[in-house]
Amino acid sequence: DQQVKQNSPSLSVQEGRISILNCDYTNSMFDYFLWYKKYPAEGPTFLISISSIKDKNEDGRFTVFLNKSAKHLSLHIVPSQPGDSAVYFCAASSGSSGGSYIPTFGRGTSLIVHP
Amino acid sequence: ETGVTQSPTHLIKTRGQQVTLRCSSQSGHNTVSWYQQALGQGPQFIFQYYREEENGRGNFPPRFSGLQFPNYSSELNVNALELDDSALYLCASSLKAVSGANVLTFGAGSRLTVL
Chain G
1 DQQVKQNSPS LSVQEGRISI LNCDYTNSMF DYFLWYKKYP AEGPTFLISI SSIKDKNEDG
61 RFTVFLNKSA KHLSLHIVPS QPGDSAVYFC AASSGSSGGS YIPTFGRGTS LIVHP
Chain S
1 ETGVTQSPTH LIKTRGQQVT LRCSSQSGHN TVSWYQQALG QGPQFIFQYY REEENGRGNF
61 PPRFSGLQFP NYSSELNVNA LELDDSALYL CASSLKAVSG ANVLTFGAGS RLTVL
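As they're listed, the protein sequences go chains G and S. Read in order, the letters of the first sequence correspond to residues 1 to 115 in this note's numbering. Read in order, the letters of the second sequence correspond to residues 1 to 115 in this note's numbering.
If you are wondering where the hints come from, they were derived from the structure by calculation, not from laboratory data. Bear in mind that the values here come from a model prediction, so they are computed numbers and not experimental data. It is possible that some hints are incorrect.
Simulated DEER-style distance windows between Cβ atoms [said to hold, decoys possible]:
no., chain 1, residue 1, chain 2, residue 2, range
1, S, Arg51, G, Gly95, 15 to 23 Å
2, G, Glu15, S, Arg15, 43 to 51 Å
3, S, Gly28, G, Ser69, 32 to 40 Å
4, S, Glu52, G, Arg61, 20 to 28 Å
5, G, Glu15, S, Ser7, 35 to 43 Å
6, S, Arg15, G, Ser74, 21 to 29 Å
Which chain G residues stay away from chain S? Per the calculated CB distances, all over 12 Å, these [to be verified]:
no., residue
7, Asn22
8, Thr26
9, Ser28
10, Arg61
11, Thr63
12, Ala91
13, Ile112
What the simulated footprint calls covered on chain S by chain G, stretch by stretch (three residues with Cβ under 8 Å from a Cβ of chain G suffice, anywhere in the stretch; the number is not a length) [stated by the list, open to error]:
no., stretch
14, 12-26
15, 72-78
16, 102-112
Just so it is clear, CB atoms sit at the ideal spot from N, CA and C, and this is done for glycine as well.
Full structure from sequences and hints, please.
Structure, rendered in structure tokens:
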């Protein structure tokens, strides 16, 4: 049973436009959410995160929105650049499991930004 | 500051064999986590080590085992390999998590193919 779901395997966007990547979760105990980006032949790298006490976090071109009632979060990239082309993983964690905060990952969304 | 390094980068084994994958943590990190990423899937948590002891385990059978050494480097051992063990194995280091804000630093992974 997937607790973190990324239902869009891929997304194609034109350079300069907005990219919106979506993520849904089922475990109401999750209280921290992170996005990682992965280029081919590299490991995932941390991009941005948000605590469940917030509904928005912004870092430059990247903004994450959290809707707790819908158990949904989204990553907005504005404006999108060709270098943003990568696989984006949504991850969620909680301290309920003995305070471990071990993240659970979604399957990822492959973003392609066309010049 | 050195990142997370994993070895080997690629290897091929046959069913029933055993494999050992190695990981060197990022300088200053004391916790190591291992993830399995099958094709088209997100990283699945195998286990985590802190102070040379297992600190959490995902839904993987006992033939998946690990070690953490005093210098915080780590090994993942898989016995009695099965075809479904073919995957990218990712090692991630971090500080001991005290909140969900804990960020993992991943290596580039070891690609295991079981024939």
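Verification of the hints:
Under the hint 15 to 23 Å, the C-beta atoms of Arg51 (chain S) and Gly95 (chain G), about 19 Å apart, fit the expected range. In this structure, Glu15 (chain G) and Arg15 (chain S) meet the distance hint of 43 to 51 Å, their C-beta atoms being roughly 46 Å apart. Against the hinted window of 32 to 40 Å, the Cβ-Cβ separation of Gly28 (chain S) and Ser69 (chain G) comes to about 39 Å, which satisfies the hint. Roughly 41 Å separates the CB atoms of Glu52 (chain S) and Arg61 (chain G), a value that falls outside the hinted 20 to 28 Å.
Judged by the Cβ atoms, the range 35 to 43 Å given for Glu15 (chain G) and Ser7 (chain S) holds: they are separated by roughly 37 Å. In this structure the supplied range 21 to 29 Å is violated for Arg15 (chain S) paired with Ser74 (chain G), their Cβ-Cβ distance being about 42 Å. The beta carbon of Asn22 (chain G) is kept farther than 12 Å from every beta carbon of chain S, the shortest such distance being approximately 14 Å. Every CB of chain S lies more than 12 Å from the CB of Thr26 (chain G), the least distance being 15 Å, so the non-interface label holds.
Taking the minimum C-beta to C-beta distance to chain S, about 14 Å, the non-interface status of Ser28 (chain G) holds against the 12 Å cut. With 12 Å as the threshold on Cβ separation, the claim that Arg61 (chain G) sits away from chain S holds: the shortest Cβ distance comes to roughly 19 Å. With a closest Cβ-Cβ approach of about 18 Å to chain S, Thr63 (chain G) is found to remain outside the 12 Å limit, as its non-interface label requires. For Ala91 (chain G), the requirement that its beta carbon stay farther than 12 Å from each beta carbon of chain S is not met, with the minimum near 8 Å.
A cut-off of 12 Å between C-beta atoms confirms that Ile112 (chain G) is not in contact with chain S; the least separation is 16 Å. With 0 residues having a Cβ less than 8 Å from any Cβ of chain G, the stretch 12-26 of chain S misses the three-residue criterion, and the hint is violated. Remark: the stretch 72-78 of chain S is not confirmed as covered by chain G, as 0 of its residues place a Cβ nearer than 8 Å to a Cβ of that chain, below the required three. Counting residues of the stretch 102-112 of chain S whose beta carbon lies closer than 8 Å to any beta carbon of chain G gives 8, which reaches the threshold of three, so the coverage claim holds.
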